[in-house]
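Per this note's numbering, residue 1023 is the first one in the sequence shown, and the count goes up by one each step.
Bear in mind the hints are in silico, worked out from the structure with no lab data behind them. Check each hint, because a few of them may be wrong.
To be verified - Simulated crosslink set (BS3-like; lysine-lysine; CA at most 27 Å straight-line):
1) K1111 <-> K1040
2) K1115 <-> K1040
3) K1115 <-> K1079
4) K1079 <-> K1111
5) K1118 <-> K1079
6) K1145 <-> K1089
7) K1146 <-> K1032
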Amino acid sequence: MADSRKEAIKEKLASTRKEFLNTISGLTDEQWATRAYSEGSEWQVIDILRHVADSEKGMTALMVQIKGGGEGVPADFDLARWNQRVVDKLSEKGPKELLEGMGANRVVLLDFIDSLEETDWDKKGRHASLKIMSIEEICNLIADHETLHLAGVREALNS
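Assemble the whole structure, with the sequences as input and the hints as a guide.
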């Protein structure tokens, strides 16, 4: 059973990543600078890439902690503040560096998935959204999160 879960999640992750990369490959500097979100602070398309690149790394680390018996993020975690801080921190990185980081993060995530035993999938902890989630739910969320932000990129580029 664990192997079928692993394969299903890996396929979902591969599919969403391929679609994301197909959409952003070949973007011009002007397109990277396109305004995408303006709720709270303003994000450009490049900021979405910064956010997506970091979020997978963070969620993988979170799952490692949960697998080891950790509770997840603190109950007072401020996701909006965290996201903005990360985007600001990565502001000097361009698409090439960010995409390389995403590739490295994906290797770590897939290695983590391969390490999971059947009993690990249902272990739960607090996600950055403050929801209590299982490792399986967080794995799926990584792909869903990428799809969500892909829609934001497409909307920005088509407006």
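Going down the list of hints, with the structure as the test:
{"no.": "1", "hint": "K1111 <-> K1040", "in the structure": "holds, 26 Å"}
{"no.": "2", "hint": "K1115 <-> K1040", "in the structure": "holds, 21 Å"}
{"no.": "3", "hint": "K1115 <-> K1079", "in the structure": "holds, 16 Å"}
{"no.": "4", "hint": "K1079 <-> K1111", "in the structure": "holds, 15 Å"}
{"no.": "5", "hint": "K1118 <-> K1079", "in the structure": "holds, 17 Å"}
{"no.": "6", "hint": "K1145 <-> K1089", "in the structure": "holds, 6 Å"}
{"no.": "7", "hint": "K1146 <-> K1032", "in the structure": "holds, 20 Å"}
Violated hints: none; the structure is consistent with every hint.
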